[in-house]
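Chains A and B are the protein sequences, given in the same order. Residue 1 is where the first sequence starts when you use the working numbering, and the numbers rise one by one after that. Residue 1 is where the second sequence starts when you use the working numbering, and the numbers rise one by one after that.
Hints in this document: simulated from the structure, not taken from any laboratory. Some hints here could point you the wrong way.
Identical copies go unnamed one by one, so any copy, or any two together, can satisfy a pair.
[Unchecked claim] BS3-like cross-link-like pairs, simulated, lysine-lysine; straight-line CA separation at most 25 angstroms:
| id | residue 1 | residue 2 |
| --- | --- | --- |
| 1 | Lys54 | Lys13 |
| 2 | Lys43 | Lys7 |
| 3 | Lys37 | Lys58 |
| 4 | Lys13 | Lys43 |
| 5 | Lys34 | Lys54 |
| 6 | Lys29 | Lys43 |
| 7 | Lys58 | Lys7 |
| 8 | Lys37 | Lys13 |
| 9 | Lys3 | Lys29 |
Because the structure is a prediction, the values reported are computed rather than measured.
Number of protein chains: 2
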Amino acid sequence: MKKFKAKIHITLKPGVFDPQGKVILSALKTLGHKGAKGVRTGKYFEIELEAEDKSSAKQEVEQICHDLLANPVIEDYSHRVSEV
Amino acid sequence: MKKFKAKIHITLKPGVFDPQGKVILSALKTLGHKGAKGVRTGKYFEIELEAEDKSSAKQEVEQICHDLLANPVIEDYSHRVSEV
């Protein structure tokens, strides 16, 4: 078994309302960052896993994203798997 | 003024306890992902901003991370700024 590390990004699909992002944008303007025009929030995960090879590690991470980490109705996800 | 997009990652410093990650790891094992060995959680932000040039955009994003988005006591942050 080889060891892999997956870096996973989960973001709201374009068009899905992001209230947390709106609040951060408003806070940035209050703090004087007048140049800020938009904020979108997301989640980031790093998963260490063992697998036979890179292809099966990728497949497992794909399933983890789809089944547990992301809500595919409103969220997009992407991941990058590398051997460590 | 040019438009820039910043991609920001915020992660817990190594050694800081990550209860959300522990819960996800336990859920993964319950779901049959026996290969999963560790999960660390983080936050991800995309900020659109206007600035004179890339260097001042980077400086502003650095300040935003330090002052608002991250807790520098327990969290690390990194960002990548690109012109759009």
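Hints, one by one, checked against the model:
{"no.": "1", "hint": "Lys54 x Lys13", "result": "neither (28 angstroms within a copy, 27 angstroms between copies)"}
{"no.": "2", "hint": "Lys43 x Lys7", "result": "both (11 angstroms within a copy, 12 angstroms between copies)"}
{"no.": "3", "hint": "Lys37 x Lys58", "result": "between (35 angstroms within a copy, 15 angstroms between copies)"}
{"no.": "4", "hint": "Lys13 x Lys43", "result": "both (13 angstroms within a copy, 16 angstroms between copies)"}
{"no.": "5", "hint": "Lys34 x Lys54", "result": "between (45 angstroms within a copy, 16 angstroms between copies)"}
{"no.": "6", "hint": "Lys29 x Lys43", "result": "both (23 angstroms within a copy, 21 angstroms between copies)"}
{"no.": "7", "hint": "Lys58 x Lys7", "result": "both (11 angstroms within a copy, 23 angstroms between copies)"}
{"no.": "8", "hint": "Lys37 x Lys13", "result": "within (18 angstroms within a copy, 29 angstroms between copies)"}
{"no.": "9", "hint": "Lys3 x Lys29", "result": "between (44 angstroms within a copy, 17 angstroms between copies)"}
Hint 1 from the earlier list is the only one contradicted by this structure; the remaining hints agree with it.
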